[in-house]
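Q: Protein chains in written order, with our numbering: chain Y, 1 to 477; chain Z, 1 to 227.
No lab work stands behind these hints: they were computed from the structure. Among these hints, one or two may not hold up.
[As the list claims (entries may be wrong)] Here are some of the chain Y residues that sit facing chain Z, going by a computed Cβ distance under 8 angstroms:
1. D243
2. K271
3. T272
4. T275
5. V276
6. A281
7. G282
8. T302
9. R304
10. R347
11. E371
[Said to hold, decoys possible] Computed list of chain Y residues with no C-beta within reach of chain Z, every gap over 12 angstroms:
12. R13
13. L39
14. V47
15. G72
16. A218
17. R223
18. V248
19. N301
20. V339
21. Q341
22. M353
23. E448
Ideal Cβ positions, reconstructed from N, Cα and C, are used throughout, including at glycine.
So you can see what is in the structure, the chains are spelled out below.
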Amino acid sequence: MTGAPPRPTPRWRSSLRWRLLAATLAALAVALTLAGLMLASLFREHVMSQFENALRRQLDQLTAQLEFDASGQPQIDTQTLTDPRWQRPFGGLYWQIDRLAPAADGIRPAVLRSRSLWDTTLQMPDDAVADGVVHVHEGHGPRSVPVLMLERSLSVAEQPGTRWRLVVASETQEAHEAVARFNSVLAASLGLLGALLAIAALAQVSMGLAPLRALQTALKRVREGQDTRLHGNFAAEIQPLIDDFNGVLDRNAEIVARARTQAGNLAHALKTPLTVLSQAAGQPGNEASAPLARLVQEQTNTVRRQVDWHLARARAAGAQRLPGLRTPLAPTVAGLVRVMQRVHADRDLSIDMAGIPPTLSFAGEEQDLQEMLGNLLDNACKWARHTVRIQAQKHAPMPGTNGPGLQLEVVDDGPGIAPDVRQAVLARGARLDESMAGSGLGLAIVDELAQLYGGRLALETAPGGGLLARLTLPAAA
Amino acid sequence: MRLLLVEDEPTLRAQVGAALTDAGYAVDSADNGRDAHHLGHTETYDAVVLDLGLPVLDGLTVLRRWRDEGGTMPVLILTARDNWHEKVAGIDAGADDYLTKPFHMEELLARVRALIRRAHGQASPVLQCGALALDTRSGRVTVDGVAVTLTGHEYRVLDYLMHRPGQVISRTELTEHIYAQDHDRDSNTIEVFVARLRRKLPADCIETVRGMGYRLTTDSPLQPSMT
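Based on the provided sequences and hints, a complete structural model is requested.
A: Right, dumping it as structure tokens:
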């Protein structure tokens, strides 16, 4: 069954921290924008109503000052209109009196107007409004400046059939400027508030998620093999998770330890009787029993190899890729070199382990490393003429893993292994030279173990003609 | 040469014991760790074959105790647990070699011979002393290439002396190393064996150091004029 390849999750969705932060910031932005819009609209409404009220008072004053002379022409005593803007041409405050009726004459605009209008006329929409009602329009005044206009029409008793329209207008620019000023101050204040709240949200998320970061660090230590379980104090909400996880780690370690012990016990239980059987078959007997003895000898050899192979595999499989494993190279190599120097004492070999950096560690079980290196070193010591050299170095990460790798080389100055039989040596149970002691599993087990760790064993020819066994393994950071 | 064999499986103990005796060693055996420790501590052995999986007291502990108490005899450990972890632990506990079960008897014998030889600084499996040669692998003794036939006890006395050329060996020491523990010992019989050896070998080969014991001479190579 194949599905579509999983799409990469965006960063904000994959991280708890970014999710929380994104949600908080989005809510903040919406709330602040709404508040800003509402405040701006309230202020604008307030300013405009103030503006309109002031204009209405001007209209009332104008209405109160309206008189008519003997010929029925309207008169305004301009002395009584105190606002200086009325007098200054295009001063921003205007009034104008239109005659609307009698209809036969048509509308005669600007029968009388403020000095500030100079010779321009306020263009009013031709809407019929009832007498005494104040009507508000937005329009354009002299020089096309936007203005707010209030109009009121009235009739006077002395002039039946005649209707007059009184108009006051004021330029709205200042009011709009005030609103704009307020809006910019408001935007700046809300922006600052938003920034402070965002910082607070960031701090809150960081503090809130601190235990998770501690957990992340603890897990990293386990992954890198610096710890075998999660250490530290965690928040009450995640402590149960930590306890469970530590439980799983402990159980894993316990299972591996038990598997090893059982493999060891099984080895002991099987191999001693095998030894007895093989010794008994090796006793000189009469001619009639010789074929039987040979058969027993052959079969015990086969059983022994099977047992060795499967025990080695059982041991290896138990430990593969448990997290938190870290085995320093140098002490392990030193222990094995002590064994080699003792066991191969009469070969008078020089074993050089100067090429092991003291800081390098293997990300795996100590026993597995011993198994691999022990077999390689033992093999090298069996065949070397004078020198066995072991060296290690950091290596690029192995394919399929993201951790660092390490490369171990065991080099001897013996006869080496011909390229065409190297593959056969790695096959289980192969022994090129039956005269040498050993079960013939050594190199095959090393290869198998290395592969369980995602590494490999390569056999090459050393510069001096001996065997160079190169082991690639995961390194502990 | 006197060996201690420690193995709890009776059949295997009998087989190995028989093979070692056939190879000319005096063999004591123990079937548990406590007895093994006691024997190794109180008796003198030229080598020990020690199984690790033992009842009462495990082999590694026995070995550590011997070493702590100053025991220096070479020890070959037998182990069924064929892993390097255990080999490292064994060597670090003071073992000189290891052999994993199942093993071939010839290999065990070869390892024991090598251990004894190494303990006395002898590199070659053929011990040489003037015209006298003793091949530890085959048990063949020759003088100038001519084979000499020796009895078991004569061989053990010569073998012991040839591993320590030039050293004065007391009669008591010889007695301790050519007889197993349960054997009826009589140090006077040593004189008999030495006398017989002197008849079969060149005459001044084994020197008597008055009041102290015997010494295999190394400084006066045997001359053909002896004949």
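Q: State for each hint whether it applies.
A: Now for the hints, and whether the structure bears them out:
no.: 1; hint: D243; in the structure: violated (31 angstroms)
no.: 2; hint: K271; in the structure: holds (4 angstroms)
no.: 3; hint: T272; in the structure: holds (5 angstroms)
no.: 4; hint: T275; in the structure: holds (4 angstroms)
no.: 5; hint: V276; in the structure: holds (5 angstroms)
no.: 6; hint: A281; in the structure: violated (11 angstroms)
no.: 7; hint: G282; in the structure: holds (6 angstroms)
no.: 8; hint: T302; in the structure: violated (12 angstroms)
no.: 9; hint: R304; in the structure: holds (5 angstroms)
no.: 10; hint: R347; in the structure: violated (10 angstroms)
no.: 11; hint: E371; in the structure: holds (5 angstroms)
no.: 12; hint: R13; in the structure: holds (47 angstroms)
no.: 13; hint: L39; in the structure: holds (77 angstroms)
no.: 14; hint: V47; in the structure: holds (88 angstroms)
no.: 15; hint: G72; in the structure: holds (127 angstroms)
no.: 16; hint: A218; in the structure: holds (29 angstroms)
no.: 17; hint: R223; in the structure: holds (25 angstroms)
no.: 18; hint: V248; in the structure: holds (25 angstroms)
no.: 19; hint: N301; in the structure: violated (9 angstroms)
no.: 20; hint: V339; in the structure: violated (4 angstroms)
no.: 21; hint: Q341; in the structure: violated (9 angstroms)
no.: 22; hint: M353; in the structure: holds (14 angstroms)
no.: 23; hint: E448; in the structure: holds (14 angstroms)
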